[in-house]
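Colleague: Chains as they are written, first to last, in the working numbering: chain A, 4 to 328; chain B, 4 to 328; chain C, 92 to 418; chain D, 92 to 418.
By construction, these hints were calculated from the structure, which means they are not laboratory data. Incorrect hints may have been included.
[Claimed, not checked] So, partial list: chain D residues that the calculated Cβ filter (under 8 Å) puts toward chain C:
id : residue
1  : 284
2  : 285
3  : 294
4  : 409
Keep in mind the model is a prediction, meaning the values are calculated, not measured. By construction, the Cβ of each residue, glycine as well, lies at the ideal position given by its N, Cα and C atoms.
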Amino acid sequence: MSRSLYYADAIREALRQCMQEDGDVYIFGEDVALYGGVFGVTKDLFHEFGPKRVRNTPLSEGAILGEAIGAAVYGLRPVPEIQFSDFLTTAMSPLVDIMATYHYRVGTKLPITIRAPSGGALRIGHFHSKCLEAWFVHTPGLKVVVPSTAYDAKGLLVSSIRDNNPVLFLEQKKLYREIKDEVPEEIYDIPLGQAIIRTEGSHITLVTYGSPTYLALKAAALLQKEGIELEVIDLRTIYPFDKETLKKSFSKTNRVIILHEAVKIAGFGAELAAFFAEECFEYMAAPIMRLGALHTPIPTNPVLEDHYLPSLQDILDAARGLMKY
Amino acid sequence: MSRSLYYADAIREALRQCMQEDGDVYIFGEDVALYGGVFGVTKDLFHEFGPKRVRNTPLSEGAILGEAIGAAVYGLRPVPEIQFSDFLTTAMSPLVDIMATYHYRVGTKLPITIRAPSGGALRIGHFHSKCLEAWFVHTPGLKVVVPSTAYDAKGLLVSSIRDNNPVLFLEQKKLYREIKDEVPEEIYDIPLGQAIIRTEGSHITLVTYGSPTYLALKAAALLQKEGIELEVIDLRTIYPFDKETLKKSFSKTNRVIILHEAVKIAGFGAELAAFFAEECFEYMAAPIMRLGALHTPIPTNPVLEDHYLPSLQDILDAARGLMKY
Amino acid sequence: MEQLTKKQHLELYRYLRLTRALEDWIFYICANQNPQKPLIIGKGYLSTGQEATSIGAAYALEKEDWIAQSHRDFGALLIRGLTPRELLLQYFSKETGPTKGRDANVHLGHTGKHVLGFISHMGAMVPVANGVAFAMKYKKKKACILAFFGDGASSQGIVHEAMNYAAVFKLPVVFICNNNRWAISTPLEEQMAIKNVADRGASYGMPGVICDGNKVEEVYQTVLKAVRLAKKGGGPTLVECKTMRMSGHGTHDRAKYVSDQEIASWKKKDPIMHHEKLLKKLGYADEAYFKKIIAEVKSEVEEATQWAKNQADPSIQNQLEDVFARS
Amino acid sequence: MEQLTKKQHLELYRYLRLTRALEDWIFYICANQNPQKPLIIGKGYLSTGQEATSIGAAYALEKEDWIAQSHRDFGALLIRGLTPRELLLQYFSKETGPTKGRDANVHLGHTGKHVLGFISHMGAMVPVANGVAFAMKYKKKKACILAFFGDGASSQGIVHEAMNYAAVFKLPVVFICNNNRWAISTPLEEQMAIKNVADRGASYGMPGVICDGNKVEEVYQTVLKAVRLAKKGGGPTLVECKTMRMSGHGTHDRAKYVSDQEIASWKKKDPIMHHEKLLKKLGYADEAYFKKIIAEVKSEVEEATQWAKNQADPSIQNQLEDVFARS
Ligand SMILES: Cc1ncc(C[n+]2csc(CCOP(=O)(O)OP(=O)(O)O)c2C)c(N)n1
Ligand SMILES: Cc1ncc(C[n+]2csc(CCOP(=O)(O)OP(=O)(O)O)c2C)c(N)n1
Ligand SMILES: [Mg+2]
Ligand SMILES: [Mg+2]
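Bound conformation, chain A alone (with noise of 0.2 Å):
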């Protein structure tokens, strides 16, 4: 049985069959408890399980991603969420220097769930909106997994809870109450590295993740209007990312456009365009395109937001270009 739930709901119901699943799932984070998370994402948790396995707790997300390590160590399942993934900064050493290189060095499994939401576009500003996965991709020990619907943030979730290594779970806190599709009601998982095609085309690779995802359906819906046919990729996770798919897709369209809402220098994308340019060359028909934001800080007023992000014009720019190759 499945029916139409919004993202933030999928995510929850994902903690709460975890939850029941095993006994050893646990959440905390800073108001989480009663008050259900500043994003509501927890609420009723705390009723249903109690305040041992739902609990509030300083303003401290060092010792918060410390708990998380040493639980683990000693066998539990933490899930803790950071409230915005911005505040990441303030953790990172438990989170990079610890938790990403402990299976490596001890030997030791540390199946941890980092829940923080991440994305801008909501007009909250620099300190509300990052995009940090490219920081997160570049350290090696770390999953990374960023959901675009609410059938996949189930999904997704439930097998990051069931990992055993540390995952950073990328909420994209505008989809929250803004996206609704199908979930079933029971408990599945969506492996991790494996992208999703959401729309076929011929012309041209379009490949992102999060929430841009509804930025290039959108697009490739106009486009296909003047015959040009994109084939949207939304990898979910993108570390492990799935480069068959990827390449499948290549060989096909030779062309490629890249879009991430993170800032375009050094962001994920390049990763992406570097895969492309080195182990795809002989599919490779035009420039590798990628859309990311500008370089600067993220600003607030809509007007230089919008300026800042990448637009839906930037993606038909960038294919109408393309197709002159």
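Following the hints, complete the assembly by docking chains B, C and D with the ligands onto the known chain A.
Modeller: What follows is chains B, C and D with the ligands alone, placed relative to chain A:
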């Protein structure tokens, strides 16, 4: 007049001359005073300039970078030392949240140069060898400098300190007492953002920066005997980086190898590869090759670390492979 | 202890009223604006009910001093010379505002007025205040800086680093913890196992003092003492101001997690009411005077709103160039 | 206060001597090995002169307890059951060592022996200890964890976050600050403006106690009390052990910044000498016994070295695969 100086001593000379030139320049950090820093780079400056301008701090990287920001707002030109760039993970928020965004948001310049030894191959393990530069190139508002010679280290450090913006000056700790070259006695600067061609060649452009430059030059010498000419470009500054020089070289060679010591995936090399694939497509005759470290934490044992790092053989293989195109 | 003059008492009253009026106005706009075409970008973060802390503290400063404000310090910003117009430009995210529309609401700074550029990360500005203080010493200026932070922020590691550091170098900083009992929905008891943040002073080797954060004259006196100590080279002080966040965390938050009882008991301690009583007791003012001030600040805020809302929105020009300072 | 039995006193003596012998050996190898073909990869970080802190503290634990050691805690590691062989394998960066040659010297962990995996970043493991402690409560285990850190590390923000957090949740952690007066070349006076790190206990709402870190029985007694409190649900304690780093920061550092006088005065307080005196006074042992133990641990360490140095170097197999746990 110039004479041969070690890389570390050239840096000290730049510090001394900048402090003589401008009374607002001052140095602080862990063990930088009497002890002269754990690599001896600031040795004797304490005697010359006294405790006000050369100051030990508590073991608090966050407080150190915080001080730098406040002091810069007030008009000083702070030059903090972070003992190893690895420890920047404990001070990311002052660095990327405040320092990088200050001028854009508040309109006040922050002339700060953060000196931080970086890089591996010294068998001192994951926590003293990391190359984190990609994170900072991805952070709008920071400049990033990685000198590979004593001459460059001095000139670039002078430019960094005179620059009105936050500069991350990533000293190559492996080179401190390994590299000696001719350094003028007087103060001079090298503009940020200018690459230098270390050796000319017509077949393959090899782009690198920092200590791998020497590996590249070794490879160039060996390959020359086989009739393969590498053009080795040392970027020196990686944000901003010198697109002109890269484009010009690539338009001649049509083949490129990108080399760095950092982890390959989502490293700064990805940005370079993406640049070539996007902005220099018309010159591309072969896959864009990237050489970087393995996707693992940095191991200590020499057998493992050598395996982890890109090697001379890797360059030779890549170059020979490229010549097949 | 230095007594406040009548003029000062009345000035403080005006600041209290102006802050309240300005923030009531912000609350009103947030509640009533068209979400599709909002005047205020984002939410409002108000100091309603705790204005005396910010105002009393900043009032102890002189021109050459600085502040590192937190997110409920419009009172202090007004004292530093930021006008209601400027603060509304910031809320409306306008080109001519302090951050040129690049940032909004409480995330602002003003170098000319000696106000650091606040960022969201709680406690992050506290070590930055040290830097200003260090530079004052370096430049041999007899000045100091106030570093504001909340009870919640006090759990951040960076605040610890900064307080220890300031004590080691005897920096002219006064740390002001506005303990308003809540960090979003998390009560004090879930944030710390101690009663008084001020107790941490001793753990750094600086005085730790407590004052009633709802009594503007008490905050002023307490902070003034610390300011003087700092300027004399006596090093930092940690001042804890006991108060209560009487609004939601932001204008979107109804704060249902706070009991009616707690609100009711603090309502009686409202800092404006307290100050009015004091003024009457001292014979400095009467109800008519209060009414006059209330009317004055109201029209000042209304006028500022009308003016500010008609200012230009930011343009995309210079966005890329302004990331870096020209050399 | 629980008195140590004769057996325990003698066992502690053996640990003191074994740690000293092992580290002297490491020092000797570092000083004499061929830098081109080193046996020890990197430098040695020794606890010489402060062994009693690590040993006395860890001796207060039971099997089900854990430690989050710092970089001068070989004494505690030996007590947790790591053998000189294993510790030398770690120093020699061998395949069969605790980190399989992937990390070296003091950067190790051992889950089976309840030892967390230490990283270089000072203080970083302290909040991790909280996680173990939380999980003990979660799993209703009557156990606790010791979190070691130095005077230098105490300036890190993360240590503050961790201590506050442990107090809020009444976690079964005992924080052990080994205050050995130096952080590399930086003396205590340049690190903090207070005399006793233990004073910070009060600022979190936990007991803060001081003991002589060079008296192994005093450390043991002090920590045992804290351990019992923690296991009873009484929450954390901060124990400060006053001691002195009698070596350089690492084997490469001659520590010229420490005055001869300071060294001389602390030499008289050597923890092994102290314990020998105590054993004699109690009539538990005599010089002949000491000689016997010294000879025993020396040959144990020599044997371990011979054995360990012939073990296999790591191979490059599984390097990529072992970054992640198989699911
Ligand atoms: C490092 C960090 N983590 C989380 C947040 C989200 N957040 C914003 S305000 C706040 C509570 C702050 O409480 P307090 O310091 O007491 O200030 P108050 O809002 O009560 O004035 C939180 C958790 C943040 N801004 N920074
Ligand atoms: C975050 C961080 N900054 C700097 C260092 C470099 N460093 C290694 S040990 C040390 C001093 C540590 O002093 P203390 O905590 O007192 O321990 P001790 O060495 O005296 O035992 C420093 C600065 C580090 N390891 N981590
Ligand atoms: Mg509060
Ligand atoms: Mg020490």
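Colleague: It remains to establish, for every hint, whether it holds in the given structure.
Modeller: Against the structure, the hints come out as follows:
| no. | hint | verdict |
| --- | --- | --- |
| 1 | 284 | 3 Å, holds |
| 2 | 285 | 4 Å, holds |
| 3 | 294 | 4 Å, holds |
| 4 | 409 | 36 Å, violated |
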